Amino acid sequence: MSPEVLSTPVVDTAKTPPDRAHSRARAARRRRIVVTVSRVLLLVAVLGLWEVLARTEVIDPFNFSMPSKIWDQIWTWITHGTALGSLGEQIWYTLHEALLGWVFGVVAGVVFGIALGRITLLADVLGPYIKVLNSIPRIVLAPIFVIWFGLGPASKVASAVVLVFFPVFFNAFQGAREVDRNLVANARILGASDRRVTLQVVIPSATSWIFTSLHVSFGFALIGAIVGEYIGATKGIGLLVAQSQGTFNAAGVYAAMVILAVVALLAEGLLTFAERRIFRWKPSGSDS
Amino acid sequence: MSADISPAIELRGASKTFRTPSGGLHTAVRGLDLTVGRGEFVAVVGPTGCGKSTTLTLVSGLEEPSEGEVLVVGEPVRGVGDKVGFVFQQDATFPWRTVLSNVMAGPRFRGVPKAEAKQKAREWLARVGLAAFEDRYPHQLSGGQRKRVALAATFVNDPEILLMDEPFSALDVQTRALMSDELLELWEGTGASVVFVTHDLEESIALADKVVVMTAGPATVKQVFDIDLPRPRKVESVRLEPRFIEIYREIWESLGEEVRITRERGAAHVA
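As you go down the protein sequences, you meet chains Z and C in turn.
Counting from 1, position 6 in the first sequence corresponds to residue 6 in UniProt numbering; the numbering is continuous, with no gaps.
Counting from 1, position 33 in the second sequence corresponds to residue 33 in UniProt numbering; the numbering is continuous, with no gaps.
Just chain Z, with the same shape it has in the complex (with noise of 0.2 Å):
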C-alpha cells in the first residue's frame, strides 16, 4: 500500500510541471481578454446609454450633452481650433502652469519636509504653523492670487504651488522621520557628517514616501491651474470650460474634461517611468 502511494505523486512531479505550467498561463491569457473585453463592454455600455437617454429627451440633452456632441466639439477644437486660439495653445499652457507650479512646490515641499524632519527646534516652532495653513481650504486663495498676480500664468502657478507643498511637505517629513535609525548610526560610525548623513541617508530614505506625494500632487496642480483660469485668464483649459459654461455649452465643458484627463493621465504615466528606473533598489513585487 504504502509503496504505491509514494510512487504515484513522484510521478505526477515528473511529468505534469509542463502541462500545469501551460494550463495555468492559458488561464492567465484567458483571465486578461475576460478583463478587457469587460472594460470595453463597460465603457460602451455608458456611453450607448447616455447617448440613447439623451437622443430620446429621457435625460435633458441640453444640460447633460452626448457623447457624439462632446466628440464633434473635441474635433471642431482639433481641426479649427478655439474660440481663444488653437487647442494644443490652450493644453502647453494650461500644462506649463501646472508644471511651473507642480515643481515649485514640490521642491519646496520636499526641502522644508526634509528640514523639519531633521531639525527638531525647526519643527517644534514651525508645526503648529503649518497646520493651521494646511486646514485652510487653499482652493480660495485662487481669486487673491488673480489680484495680487494679474490674469497672466502667475496666478495659476502660484494657486498650483499651494496646492502642491502641503501633501509633499508632509511626506517629505514623514519620511525623514521614520528614517531607519540602524542606517543613520551605521553612516555615522562609518564617518559620515550631519550634511552627509541628510544627504545621503535621509533624502533617498525618503524618496519612497515623496513619490508617493508626487503622484496626488500633479492632479492638485492641474487643479489649481485649472480653477486659476476659470476665475480669470486669457488662455487655457480652465477659460475654455468658463467660456463654454458661458455659452451654455455643455458640449464644451465635458470636451474639455476629457482633454484634462488624457493630460493628467499622460503624466501620471511619466512619473511612473520615472519611479521604476529611479527605484532600481527596491525589491520588485512590493509596489506593483
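Honestly, the hints are just simulated from the structure, not real lab data.
Only a predicted model underlies this, so the values are computations on that prediction, with no experimental measurement involved.
By construction, the Cβ of each residue, glycine as well, lies at the ideal position given by its N, Cα and C atoms.
Possibly wrong hints are sitting among the right ones.
[Unchecked claim] In silico contact screen, one side only, chain Z against chain C (beta carbon under 10 Å); selected entries:
id: 1; residue: 25
id: 2; residue: 183
id: 3; residue: 188
id: 4; residue: 190
id: 5; residue: 193
id: 6; residue: 200
id: 7; residue: 282
[Said to hold, decoys possible] Dumping the calculated DSBU-like pairs for lysine-lysine here, alpha-carbon to alpha-carbon at most 35 Å:
id: 8; chain 1: C; residue 1: 83; chain 2: C; residue 2: 210
id: 9; chain 1: C; residue 1: 118; chain 2: C; residue 2: 222
id: 10; chain 1: Z; residue 1: 282; chain 2: C; residue 2: 210
id: 11; chain 1: Z; residue 1: 282; chain 2: C; residue 2: 118
id: 12; chain 1: C; residue 1: 83; chain 2: C; residue 2: 120
id: 13; chain 1: C; residue 1: 210; chain 2: C; residue 2: 234
id: 14; chain 1: C; residue 1: 234; chain 2: C; residue 2: 222
id: 15; chain 1: C; residue 1: 120; chain 2: C; residue 2: 222
id: 16; chain 1: C; residue 1: 222; chain 2: Z; residue 2: 282
id: 17; chain 1: Z; residue 1: 69; chain 2: Z; residue 2: 282
id: 18; chain 1: C; residue 1: 120; chain 2: C; residue 2: 210
id: 19; chain 1: Z; residue 1: 282; chain 2: C; residue 2: 120
[To be verified] Simulated DEER-style distance windows between Cβ atoms:
id: 20; chain 1: Z; residue 1: 258; chain 2: C; residue 2: 119; range: 47 to 53 Å
id: 21; chain 1: Z; residue 1: 22; chain 2: C; residue 2: 119; range: 46 to 52 Å
id: 22; chain 1: C; residue 1: 90; chain 2: Z; residue 2: 195; range: 21 to 27 Å
id: 23; chain 1: Z; residue 1: 35; chain 2: C; residue 2: 172; range: 37 to 43 Å
For chain Z, the structure is supplied; the task is to place chain C on it using the hints.
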C-alpha cells in the same frame, strides 16, 4: 608615550541612564569597569536585555555615559571617532546603494578619493568572497551575503577597534558558524581589538581571548574568563574539544545564575 601602552578600550565606572517614554528612568549600565587590551578579542555575554549593547554604544561614541569615563586608546571618547568600526545586529546596509557602493561608503565619507575608495572596496569584497556581486543591490543578496557586505564595509575603514553587536544572531546556524570562521580570518590579519556582544556562550568561547560575563541589568561586569584555546581556531571543531566543554561548564555556572535572575524578574513582571 603613555598613549602607546594604554589599552585599546577602558571603561571606568561608566553608567548610562535613559529616560523611558513613560517618564521614568532606566539604568542600562551601572558602574562598569572593563579593559580591552590592544589586539584582544573580548566577547561579552549576559542575559537578554541586560545592557550589553549599551556598552558598545558608549565605546562607539554614539551615546555619552551619564557617569564615569570611556577611553579609547587612552583618549576620552568625544562623539563618533574614526578609530571605531561597528557591525550592527540588524541589517544596516544602504538599500539604495549597490554592494560596491556600500563598501565604498566609509572611505568616501572620510574623504578618500573615489578611485582609491573603489580599489580598497574591491579588495575587501574579494576577501569576503563577494567580488562577483558588486553590482547587486542588498535586497538581491541572502542574509549571510548582506552580513559579509557589512563586514567588508566595516573592515575597509581599517578600524583599530571593532565593535560587534550580536552580528550573526539573525543568521541560520550553518551560516553563522561559517561567518564566525570568516570573521576570525579577517580579524587575524588586522590586529584590531574586538568587543563582540552575544547571548550565545558557545559562540563567545569559540571566538574570544576573554569572555566577560555581565550581571542581569543594570549591567556590570560579573566575572572575566580567559580562554586558553590555541589559535587559529575552527569554530565547528573547537567546540568538540574537552577543554572547550570544561570552559563552557565553568562560565555557564556564572552566567546561568544571571539568566535565572532575569527570567524570574520577567515572570514577576508578567504576573
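Agreement of hint residue 282 (chain Z) with chain C interface, Cβ distance less than 10 Å: It holds, given that the least Cβ distance between residue 282 (chain Z) and chain C is near 7 Å, below 10 Å.
Against chain C, with CB atoms and a cut of 10 Å, does the hint on residue 183 (chain Z) hold up? Constraint on residue 183 (chain Z) satisfied, holds at 6 Å.
Please check whether residue 193 (chain Z) passes as an interface residue: C-beta within 10 Å of a C-beta belonging to chain C. With a minimum Cβ separation of about 8 Å from chain C (threshold 10 Å), the hint on residue 193 (chain Z) holds.
Taken at face value, is the distance from the CA of residue 118 (chain C) to the CA of residue 282 (chain Z) at most 35 Å? At roughly 23 Å apart (the allowed maximum being 35 Å), residue 118 (chain C) and residue 282 (chain Z) satisfy the hint.
Please test the hint of 47 to 53 Å on the beta carbon pair from residue 258 (chain Z) and residue 119 (chain C). violated (58 Å)
Tell me if the beta carbons of residue 22 (chain Z) and residue 119 (chain C) are separated by a distance inside 46 to 52 Å. With a Cβ separation near 51 Å, residue 22 (chain Z) and residue 119 (chain C) satisfy 46 to 52 Å, so the hint holds.
Regarding the pair residue 83 (chain C) and residue 120 (chain C), is the alpha-carbon distance no greater than 35 Å? holds (17 Å)
For residue 83 (chain C) and residue 210 (chain C), compute the direct alpha-carbon distance and say whether it is at most 35 Å. With a Cα-Cα distance of about 21 Å, the restraint between residue 83 (chain C) and residue 210 (chain C) holds, given a limit of 35 Å.
Residue 234 (chain C) and residue 222 (chain C) were given as a pair; does the straight-line alpha-carbon distance stay at or below 35 Å? holds (28 Å)
Please verify that hint: residue 200 (chain Z), Cβ, nearest Cβ of chain C, below 10 Å or not. Since chain C brings a Cβ to about 8 Å from residue 200 (chain Z), closer than 10 Å, the hint holds.
Holds or violated: are the alpha carbons of residue 120 (chain C) and residue 210 (chain C) at most 35 Å from each other? This hinted pair holds, its Cα atoms lying about 31 Å apart.
With the threshold set at 35 Å, check whether the alpha-carbon distance from residue 282 (chain Z) to residue 120 (chain C) stays at or below it. holds (26 Å)
Consistency note: the structure conflicts with the earlier hints numbered 1, 9, 10, 15, 16, 17 and 20.
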